[in-house]
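Chemist: Chains as they are written, first to last, in the working numbering: chain H, 1 to 211; chain Z, 1001 to 1977.
Quick caveat, the hints were computed from the structure, so don't treat them as lab data. These figures come from a predicted structure and were not determined experimentally. Positions of the beta carbon are idealized from the N, C-alpha and C atoms, including for glycine. Misleading hints may appear alongside valid ones.
[Unchecked claim] Have a look at the derived ranges for each label pair, beta carbon to beta carbon: (1) Z/1952 to H/30: 51 to 57 Å; (2) Z/1909 to H/101: 50 to 56 Å; (3) H/98 to Z/1522: 47 to 53 Å; (4) H/54 to Z/1101: 40 to 46 Å; (5) H/153 to Z/1934: 28 to 34 Å; (6) Z/1092 to H/153: 30 to 36 Å; (7) H/54 to Z/1873: 24 to 30 Å; (8) H/100 to Z/1737: 48 to 54 Å; (9) H/65 to Z/1093: 31 to 37 Å; (10) H/39 to Z/1909: 26 to 32 Å; (11) Z/1183 to H/54: 58 to 64 Å; (12) Z/1873 to H/65: 37 to 43 Å.
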Amino acid sequence: MVQLFRPQADTAFRLWVIASAVVVIIVLGAGYIYVRSDAFWRVGATAPMQPIPFRHDLHVAGVGIACAFCHSTAERAAHAGMPTAHACLTCHSQILQGATVMEPLRTSAALGTPIAWTSVTRLPNFAYFHHGVHIRSGVTCETCHGRVDQMRETEKVHTMSMAWCLDCHRNPAPNAVRTEPEGSAVEGSRDSLKVSEIFAAPLTNCSVCHR
Amino acid sequence: MTGEEDDGRPSDVTGSGPCETRLWRSLEELAGSEEVRRFGGAEFPEAATPETIDRRALLNLMTASLALGGLTGCAVNRQPWGAPLLAQPRLAPQHTPGVPLIFATSLELDGLGRGVLVRSHDGRPVKIDGNPLHPASLGGTDVFMQAEVLSLYDPDRSTVPMAGGMRRSWDDASLYVTQLSHQFQANAGRGLHILLEPCASPTRDRLIALARQTLPEARWYFHAPLTDGNTHVATARVFGRPLDPVLDLMQADVILTLGGDPLGAGAGHIRYAADYAQRRHARDRPLPRLYSAETSPSLTGARADHRLALPPREIEALARQVLDLVRNAAPPPAAPQSLAAIIAGDLRRAGAGGLVVPGREQAADVQAIAHAINVELGAVNRTVRYVEPIIQASTDQSSSLLALAEAIGRGVVDTLLILGGNPAYDAPGDLEFADLIGRVPSSLHLSYYFDETSRVCRWHLPARHALESWGDLRAFDGTAGLRQPVTVPLVEAMTAEDVLAQLVGEAGDGHAHVQATWREVWGEEFDARWPTALEDGVIAGSAAPAASLAAPVGWSPPPAGPPVAAGYSMVVFAPDPSVWDGRFANNGWLQELPKPFTKQVWGNAALMASDTASALGLATGDIATFTHGGRTIEAPIWIMPGHAPDAVTMTLGYGRRAAGRQGSQRGFDAYPLRSSRELWALAGVTIAANGRRDALISTQHHHGMEGRDIVRVVPATGPVNWPVEPRRSMYPDYVYDGNAWGMSIDLDLCLGCNACVVACQAENNVPIVGPDEVAQGREMHWLRIDRYFAGVPDAPETYFQPVPCMHCEKAPCEVVCPVNATVHSSEGLNEMTYNRCVGTRTCSNNCPYKVRRFNWFNYNQKPPAAPDAVQNPEVTVRWRGVVEKCTYCVHRISTARIAAKMEGRPIRDGEVMTACQQACPTRAIVFGNINDPDSAVYRCRENPRSYELLKDLNTRPRTTYLARIAGLGRGSVGGTR
Chain H
1 MVQLFRPQAD
11 TAFRLWVIAS
21 AVVVIIVLGA
31 GYIYVRSDAF
41 WRVGATAPMQ
51 PIPFRHDLHV
61 AGVGIACAFC
71 HSTAERAAHA
81 GMPTAHACLT
91 CHSQILQGAT
101 VMEPLRTSAA
111 LGTPIAWTSV
121 TRLPNFAYFH
131 HGVHIRSGVT
141 CETCHGRVDQ
151 MRETEKVHTM
161 SMAWCLDCHR
171 NPAPNAVRTE
181 PEGSAVEGSR
191 DSLKVSEIFA
201 APLTNCSVCH
211 R
Chain Z
1001 MTGEEDDGRP
1011 SDVTGSGPCE
1021 TRLWRSLEEL
1031 AGSEEVRRFG
1041 GAEFPEAATP
1051 ETIDRRALLN
1061 LMTASLALGG
1071 LTGCAVNRQP
1081 WGAPLLAQPR
1091 LAPQHTPGVP
1101 LIFATSLELD
1111 GLGRGVLVRS
1121 HDGRPVKIDG
1131 NPLHPASLGG
1141 TDVFMQAEVL
1151 SLYDPDRSTV
1161 PMAGGMRRSW
1171 DDASLYVTQL
1181 SHQFQANAGR
1191 GLHILLEPCA
1201 SPTRDRLIAL
1211 ARQTLPEARW
1221 YFHAPLTDGN
1231 THVATARVFG
1241 RPLDPVLDLM
1251 QADVILTLGG
1261 DPLGAGAGHI
1271 RYAADYAQRR
1281 HARDRPLPRL
1291 YSAETSPSLT
1301 GARADHRLAL
1311 PPREIEALAR
1321 QVLDLVRNAA
1331 PPPAAPQSLA
1341 AIIAGDLRRA
1351 GAGGLVVPGR
1361 EQAADVQAIA
1371 HAINVELGAV
1381 NRTVRYVEPI
1391 IQASTDQSSS
1401 LLALAEAIGR
1411 GVVDTLLILG
1421 GNPAYDAPGD
1431 LEFADLIGRV
1441 PSSLHLSYYF
1451 DETSRVCRWH
1461 LPARHALESW
1471 GDLRAFDGTA
1481 GLRQPVTVPL
1491 VEAMTAEDVL
1501 AQLVGEAGDG
1511 HAHVQATWRE
1521 VWGEEFDARW
1531 PTALEDGVIA
1541 GSAAPAASLA
1551 APVGWSPPPA
1561 GPPVAAGYSM
1571 VVFAPDPSVW
1581 DGRFANNGWL
1591 QELPKPFTKQ
1601 VWGNAALMAS
1611 DTASALGLAT
1621 GDIATFTHGG
1631 RTIEAPIWIM
1641 PGHAPDAVTM
1651 TLGYGRRAAG
1661 RQGSQRGFDA
1671 YPLRSSRELW
1681 ALAGVTIAAN
1691 GRRDALISTQ
1701 HHHGMEGRDI
1711 VRVVPATGPV
1721 NWPVEPRRSM
1731 YPDYVYDGNA
1741 WGMSIDLDLC
1751 LGCNACVVAC
1761 QAENNVPIVG
1771 PDEVAQGREM
1781 HWLRIDRYFA
1791 GVPDAPETYF
1801 QPVPCMHCEK
1811 APCEVVCPVN
1821 ATVHSSEGLN
1831 EMTYNRCVGT
1841 RTCSNNCPYK
1851 VRRFNWFNYN
1861 QKPPAAPDAV
1871 QNPEVTVRWR
1881 GVVEKCTYCV
1891 HRISTARIAA
1901 KMEGRPIRDG
1911 EVMTACQQAC
1921 PTRAIVFGNI
1931 NDPDSAVYRC
1941 RENPRSYELL
1951 KDLNTRPRTT
1961 YLARIAGLGR
1971 GSVGGTR
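Same shape as in the complex, but just chain H (with noise of 0.2 Å):
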């Protein structure tokens, strides 16, 4: 009977099964770093293209408008808010007035049409963030928004996963830097720990952000 295998073949074979296995470590692990990567998120990506080349920094730094004047339902409600074509023109309508770039924003003053700009921190729809009840318990826009002040063009600075969503909402002492309101009815209260132990439930309930 002849021989099906050459003496090799035993070796071979290991070897194939070796390589076969590290090349399946390298991919998932590959996979492992990639998904756990910045890149992968977008932290440090700008838009690639914006309808107005807006610039938070001369705005903010330049300027001194504060993050509340234009984003202006980031205190009370779920969404921070877009200025308005009419808020923009408060400026706007003296200054630059003729540019070339200000054109969208005419456009949507005269015509009614909203302007879609790109957003660089986005959810997803199945996570349900408030704004209003983070910047109440003391999360400041900075937290999660970064140094906008100094941005040319705006980006994003963390992950906005879950695994960074849940590291605040674990431990939120370090981030939630509020100060309580006279008469407020957790005495003697200085964090939003106490709060949240007082009145609401623990923050990692899956309910807290999906609905």
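Model the placement of chain Z on the given structure of chain H, informed by the hints.
Modeler: Structure of chain Z alone, referenced to chain H:
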């Protein structure tokens, strides 16, 4: 349920003991049929594999599942930066993007208004609830109000004018209407005939009055299939002129209903149900007693202390006897124990607190007798108030559909304007109205759908939806409410008022017409009153006053006619609990809503008693041929426990031919059998089996719970002592420091009206699955209403039990989930996390209450899915392959928690209302924090009537029930709780 329980022991209707009454869901279950066992054995019988699987195949499948399992986490991100972030050019006043606005407006049923609050997310109405200020709602709703928002987004609605089957532009259509206007203003309206739906709208009445002046020769007709003049004929006989009765059930101690369904159907039923519930639980007064004599089971009959299943002629006989006995103080010695004597005795004892309510389908004589009894009892202006007709449409014969048919037959109709309604479908069959319309040289139909009537008219104009238009409506008690648009018009369309205004040449839009009406009424005060009226949705103090009745003489009914030959030949017509008169036929929520008694979906059936059916040789599902006067229809039979013998009930509204994609060709059409002389009950119908069968789809055997004590009934008097069982569990107890949410459902107040089911569907984006899927037990309702019968099949007791998720303390579903997709929250909610779910359905299999639903397909994408626009943005729209269930409206809890946190206070009791709770007309559902001894739900749980469903399983449900209070003995003194 009466008498025997006086030993003070609760009666477990399924419990053991000498007075045991078995609960059953259908005659098939009572007989132990195979079909019922099939649904009892497997949760999804169609999916259960009958043959055994071999080891190798099992390993293959397991390997594949393991290898591919992770792929469920992959999603293709087609838009790398997500949807655009839109910056509006300017903000609408008082609108914060993402925060819903609530508008008060009015919706119409039977021509009468019901006040609603519409929740609109960024300009998109997604949910309708009752307006607490409106007398016809008091915050409660019914299925039609809830489902109206789905009709708004119906993709099958008419969008363009049509002429002769061709699409035409609005310019052409406007030109046509303008020409009509000029033509008829020139000849005073000669040859112009206008058919309208009767509607209690002051603006419409004003425009009609104006048109009657400018076009004196024009003829006006009013038609709706469910409103005929019997009420007015009856009141005219007793009081000398047509009047409308308005009930006050808060004052009533003894009520007799003769047919009809005052608590469960009609324009005023939400208020009546609320009043009855409040009266029932008034602490300082004995329980009211409700007698119902009816042919077909109704929600009122199911709630009644004593229900009499009688064919129509025996209802008339009963009414005559009761009138005689109420008038003659001495009870006739011949039959002291007759039912009529007992009822009359109770009514006499109640005096002014007595009330007789006739159904709209009863003959004018029966209705007149009922009013005469009310007069005799002195109940007028106490339990019932008679007011001048709310709907101004003339009730005389010259404006009926019959008169129009005769006019068309004489050839005097040049132009026929049909503004609303669908007479080619819902006119009585003997008129053959569709053919008549074809004979009119020029006809125009204004309607929301391109329906049966539009098809036979020369012109069709799309009508605006109620949520897109201005208007005003009077409620059942005369209170006027305004209607305002809650969205921009989704398509270019008109209202009937717009057409009338064009005819009389009144300029302006709907807003202007309504303002003009109220400017006339209010004069100088207009500017002050209009904003308040608009915000409240209701005009305070506008209820109709009681009519001054000339001292009513003792009216006596004419002698009874010759008895109808006995036989199984009486057909009774009734509005359908799901599609009403057919106008809601294309609404998927309503089509898939199990009807209260049959639990049938996507169709209707002819209901009859089992004796009647066996005499005819028919069984449930057999198709029979019904013939009368040369007109024939075919209908499937449904044997209905508790139906009166010698009669058949047919619900109207099905068998639509041009309703749209969801509503056409479903069920059978009973209108062709209807006669214009006998609208409600037809004698002498020939019924014959034709050998064919129809697979009727019903959910009555789905999601069955097998256990004792499912519905408990306690005696009206005496203490309640449930056996207390020790509770031990191997699992450690949870500790709740803050809120612990719980729900209590009062089975004594629940009427089984289904409003909560549709409210839940609307609020939580519960998908519509379609008839084929329902037939396999795959309906997705998070909240179902189980209907149980107890007792003998001919005259059973009927119980309704809403079953949402129990949110068990020791939840059987939580411990079996392999991926932790269903977990216990720190507030005691049993949370479902869709993103984790891989669809093993183990939880569903392990749930003793059968409240978990599985998305077998992308039900939210696949027809007949609801359009995206109606989805509530506060709730995730679920994808294929995940399990879902009642969340206790966790998004509403979150909203309340956020509001409380931002204001630095605890959540108040009553601040979180679940959608089902909000919809309930009788406030049977209470929700709140069971850790708070001051909360309403805590008090409910402490009520001696409170019990847990399937308590012996020790799941410790957060949803508890309050037992129903048994009916009172006939003629006995009322008890208290």
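Chemist: So, for every hint listed, does it hold in this structure?
Modeler: Against the structure, the hints:
no.	hint	result
1	Z/1952 to H/30: 51 to 57 Å	holds, 55 Å
2	Z/1909 to H/101: 50 to 56 Å	holds, 55 Å
3	H/98 to Z/1522: 47 to 53 Å	holds, 51 Å
4	H/54 to Z/1101: 40 to 46 Å	violated, 29 Å
5	H/153 to Z/1934: 28 to 34 Å	violated, 55 Å
6	Z/1092 to H/153: 30 to 36 Å	holds, 31 Å
7	H/54 to Z/1873: 24 to 30 Å	holds, 27 Å
8	H/100 to Z/1737: 48 to 54 Å	violated, 60 Å
9	H/65 to Z/1093: 31 to 37 Å	violated, 24 Å
10	H/39 to Z/1909: 26 to 32 Å	violated, 50 Å
11	Z/1183 to H/54: 58 to 64 Å	holds, 60 Å
12	Z/1873 to H/65: 37 to 43 Å	violated, 30 Å
Comparing the model with each numbered hint stated earlier shows that hints 4, 5, 8, 9, 10, 12 do not hold.
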